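2 protein chains.
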Amino acid sequence: MVINAEKSEFNEDQAACGKLCIRRCEFGIEEDQEWLTVCPEEFLTGHYWALFDGHGGPAAAILAANTLHSCLRRQLEAVVEGMMAAQPPMHLSGRCVCSSDPQFVEEKGIRAEDLVIGALENAFQECDDVIGRELEASGQVGGCTALAAVFLQGKLYVANAGDSRAILVRRDEIRLLSSEFTPETERQRIQQLVAFTYPELLAGEFTRLEFPRRLKGDDLGQKVLFRDHHMTGWSYKQVEKSDLKYPLIHGQGRQARLLGTLAVSRGLGDHQLRVLDTNIQLKPFLLSIPQVTVLDVDQLALQDDDVVVMATDGLWDVLSNEQVALLVRSFLTGNQEDDPHRFSELAKMLVHNTQGKDSGATGEGQVSYDDVSVFVIPLHSQAQEGSGH
Amino acid sequence: MVINAEKSEFNEDQAACGKLCIRRCEFGIEEDQEWLTVCPEEFLTGHYWALFDGHGGPAAAILAANTLHSCLRRQLEAVVEGMMAAQPPMHLSGRCVCSSDPQFVEEKGIRAEDLVIGALENAFQECDDVIGRELEASGQVGGCTALAAVFLQGKLYVANAGDSRAILVRRDEIRLLSSEFTPETERQRIQQLVAFTYPELLAGEFTRLEFPRRLKGDDLGQKVLFRDHHMTGWSYKQVEKSDLKYPLIHGQGRQARLLGTLAVSRGLGDHQLRVLDTNIQLKPFLLSIPQVTVLDVDQLALQDDDVVVMATDGLWDVLSNEQVALLVRSFLTGNQEDDPHRFSELAKMLVHNTQGKDSGATGEGQVSYDDVSVFVIPLHSQAQEGSGH
Numbered sequence: 001m002v003i004n005a006e007k008s009e010f011n012e013d014q015a016a017c018g019k020l021c022i023r024r025c026e027f028g029i030e031e032d033q034e035w036l037t038v039c040p041e042e043f044l045t046g047h048y049w050a051l052f053d054g055h056g057g058p059a060a061a062i063l064a065a066n067t068l069h070s071c072l073r074r075q076l077e078a079v080v081e082g083m084m085a086a087q088p089p090m091h092l093s094g095r096c097v098c099s100s101d102p103q104f105v106e107e108k109g110i111r112a113e114d115l116v117i118g119a120l121e122n123a124f125q126e127c128d129d130v131i132g133r134e135l136e137a138s139g140q141v142g143g144c145t146a147l148a149a150v151f152l153q154g155k156l157y158v159a160n161a162g163d164s165r166a167i168l169v170r171r172d173e174i175r176l177l178s179s180e181f182t183p184e185t186e187r188q189r190i191q192q193l194v195a196f197t198y199p200e201l202l203a204g205e206f207t208r209l210e211f212p213r214r215l216k217g218d219d220l221g222q223k224v225l226f227r228d229h230h231m232t233g234w235s236y237k238q239v240e241k242s243d244l245k246y247p248l249i250h251g252q253g254r255q256a257r258l259l260g261t262l263a264v265s266r267g268l269g270d271h272q273l274r275v276l277d278t279n280i281q282l283k284p285f286l287l288s289i290p291q292v293t294v295l296d297v298d299q300l301a302l303q304d305d306d307v308v309v310m311a312t313d314g315l316w317d318v319l320s321n322e323q324v325a326l327l328v329r330s331f332l333t334g335n336q337e338d339d340p341h342r343f344s345e346l347a348k349m350l351v352h353n354t355q356g357k358d359s360g361a362t363g364e365g366q367v368s369y370d371d372v373s374v375f376v377i378p379l380h381s382q383a384q385e386g387s388g389h
Numbered sequence: 001m002v003i004n005a006e007k008s009e010f011n012e013d014q015a016a017c018g019k020l021c022i023r024r025c026e027f028g029i030e031e032d033q034e035w036l037t038v039c040p041e042e043f044l045t046g047h048y049w050a051l052f053d054g055h056g057g058p059a060a061a062i063l064a065a066n067t068l069h070s071c072l073r074r075q076l077e078a079v080v081e082g083m084m085a086a087q088p089p090m091h092l093s094g095r096c097v098c099s100s101d102p103q104f105v106e107e108k109g110i111r112a113e114d115l116v117i118g119a120l121e122n123a124f125q126e127c128d129d130v131i132g133r134e135l136e137a138s139g140q141v142g143g144c145t146a147l148a149a150v151f152l153q154g155k156l157y158v159a160n161a162g163d164s165r166a167i168l169v170r171r172d173e174i175r176l177l178s179s180e181f182t183p184e185t186e187r188q189r190i191q192q193l194v195a196f197t198y199p200e201l202l203a204g205e206f207t208r209l210e211f212p213r214r215l216k217g218d219d220l221g222q223k224v225l226f227r228d229h230h231m232t233g234w235s236y237k238q239v240e241k242s243d244l245k246y247p248l249i250h251g252q253g254r255q256a257r258l259l260g261t262l263a264v265s266r267g268l269g270d271h272q273l274r275v276l277d278t279n280i281q282l283k284p285f286l287l288s289i290p291q292v293t294v295l296d297v298d299q300l301a302l303q304d305d306d307v308v309v310m311a312t313d314g315l316w317d318v319l320s321n322e323q324v325a326l327l328v329r330s331f332l333t334g335n336q337e338d339d340p341h342r343f344s345e346l347a348k349m350l351v352h353n354t355q356g357k358d359s360g361a362t363g364e365g366q367v368s369y370d371d372v373s374v375f376v377i378p379l380h381s382q383a384q385e386g387s388g389h
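If you read the protein sequences in the order shown, they are chains H and L. According to UniProt numbering, the first sequence holds residues 1 to 389 in order. According to UniProt numbering, the second sequence holds residues 1 to 389 in order.
Some hints here could point you the wrong way.
Note: identical chains are not told apart, hence a pair may lie in one copy or across any two.
What the hints assert, rightly or not - Subject to a maximum C-alpha distance of 25 Å in a straight line, what follows is the list of computed PhoX-like cross-link-like pairs (lysine-lysine):
no. : residue 1 : residue 2
1   : 216       : 108
2   : 237       : 216
3   : 348       : 7
4   : 155       : 19
5   : 19        : 241
6   : 108       : 237
7   : 108       : 241
8   : 19        : 245
9   : 348       : 19
10  : 283       : 19
None of these hints come from the bench; they were simulated from the model. As the structure is a prediction and not an experimental result, all values here were calculated from the model.
Please work from the sequences and hints to get the whole structure.
Pasting the structure below:
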């Protein structure tokens, strides 16, 4: 369920899902990249869901929704032989150049799932390159967050770059499957980049240091709370004139902005984005690499109503994990198990809950003016389908 | 208990402990830096323990043992007024420049303990600068790891830079109070530095990529397992000639070395250290900043025999956390509570256990040829002494 709210003319949220058909193929062969085509030489089947929350227009989110699965399939096909072995071989060909190669791989603790994680990391980066080229060629701009889930060989992989979120909701448990990447959560990484790699980049416009609020003339000469890139704690420093500049990261919580411009620190696109009225580029501070978590569904002692809820910040800004879990549990308890549409209905109900409707369950009725997208994934049916070959 | 083993002529392990007397003092005033002097204007008392494991000679470890507590005291004295408030004020003077300043501090979640964490982070950096200057002035070389614990206002702060370790041992619990910083645990940080900040630094001598083993001619053209700075997972790449260079991080576990030289990625000193027979400096890859963990002792429901064990890698290389906990519990059960020396005896026993003696309890009798240092800190007596003012 994806809705456009009042914030933008076009829906900046985009979603994609489908079957992933991963074929064993000779490396280097030209191949078409049709999505959801029947693959007679099909080798491994997975399922894919992804949400993209655009900013600066819907272009990047639309491109990502049309592209990321192809990048991922290509990356998985490049390593699929390694994924099928009990332990990935040192050489993809299986040829053993050195007799102790299996031992080296063993010592590094490399498992098949590490190849899927690597494929997701590389697919996000490849997709970011594609978006950069496509936007430039078509004279469009914009960026988007990306949250992708892949069910493969009995495991659910969740890859996140941005501020969307996925959680597992069970009868007696809520488990986070992603964490958010914002200017606040990535403060040290961003301050370090400014300190070591791009000291000239801010062109004297910004201060790297974090203060509890933006400083002003009255603070000059006073000792105020601050922290720099090397600190997780706080200290005091005497305020100098350069500390009065605009902060690298400004604002709190949902209002926090990187260089006064962006609310997220990871995502795809934004190759052309500059700070308003300056020549300062945002891209060097943004990571297109996701953090990947792995849920071993086969080890989970699954119950019928175990679901994964994936949603953009439009949902999470107005509903907490606990509120969502309450809504999920009460909906699934009250809706018959034999209704094939109950999970889609649940997704709709969650979205409606952000619009001040159906707010009985939470009793709060907070309203989201941001676009909202929700996937509800029943794990039981995934596990039953298994990793078809 | 600190012993010199067979590895080096001089003991490269050094230890320091004592009372920390933190005086309220006007910022900017010249002050003497005597250690353990009587302070009539004493304001806040803490306790301090630290271990330093030197390499390339004992010089840096000796300097650190003589210096770090002074740096820490100075850093704490610079913020002590803020530490004594229920919430640190935006301005150290307590003056309120903006009426909503307390709210800004509240929103950032800044607590008194964040000032202690910041003081530890700054003290390590300051101490590193002092060591750099002192070693250069005296024509000496070397570096050391640093693990420091501070008991202050009912909390134990553990700051670690290197591969020493502190654990809490209770009757029914083992809790890690530090994690190790080695070329392996900090692989991505080091690869990123090479990729973005110092691409020229390795002067064509090293490859940034990680492979399960060093590659050789026979691997050329094959697709082998690898990962780069953006990956926590693995993928395959076709081996080119440049991949045959010496790896940035080489070897496994205890044998892992950064640039073929160092087994740790954080610590103090090493300002002059270069890769053998080259002009490549190690210092840009080393962090002097510790990771700080906080144990809220007042919230712990302390038992008499709860102890913190701090030790250099000489202990942990031959004894696991579980083995140390077993030794601690069986020793304390068998030794009378009224023996004032039993915790020192326990530290001695742990060290002896690394020398193939007293190995009955573990039944393994592995021998450490590295220097070994152990502090055993009974938490009960700390909490009883409290945070005297």
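Alpha-carbon proximity context of residue 19 and residue 245, limit 25 Å: Neither way: residue 19 and residue 245 sit 50 Å apart in one copy and 41 Å across, limit 25 Å.
Identical-chain pair category, residue 108 with residue 241, by Cα at 25 Å: between (50 Å within a copy, 23 Å between copies)
Residue 348 and residue 19: within-copy, between-copy, both or neither at 25 Å Cα: Close inside one copy (22 Å), not across copies (62 Å); limit 25 Å.
Alpha-carbon proximity context of residue 19 and residue 241, limit 25 Å: neither (57 Å within a copy, 39 Å between copies)
Intra/inter-copy verdict for residue 216 and residue 108 if alpha-carbon distance must be at most 25 Å: Cα proximity of residue 216 and residue 108: across copies only (18 Å, versus 52 Å in one copy).
Alpha-carbon proximity between residue 155 and residue 19, which holds within one copy, between copies, both or neither at 25 Å: Answer is within: at 15 Å inside a copy they meet the 25 Å cutoff, but 53 Å across does not.
Homo-oligomer pair classification [residue 19, residue 283; C-alpha up to 25 Å]: neither (32 Å within a copy, 49 Å between copies)
Copy assignment of residue 237 with residue 216, given that the CA separation must stay at most 25 Å: within (14 Å within a copy, 53 Å between copies)
Homomeric proximity label, residue 108 with residue 237: Cα distance no greater than 25 Å: For residue 108 and residue 237, only the inter-copy Cα distance (17 Å) is at most 25 Å; the intra-copy one is 44 Å.
Status of residue 7 relative to residue 348 across identical chains (alpha carbons, at most 25 Å): within (20 Å within a copy, 68 Å between copies)
The structure fails hints 5, 8, 10 (numbered hints given earlier, in ascending order).
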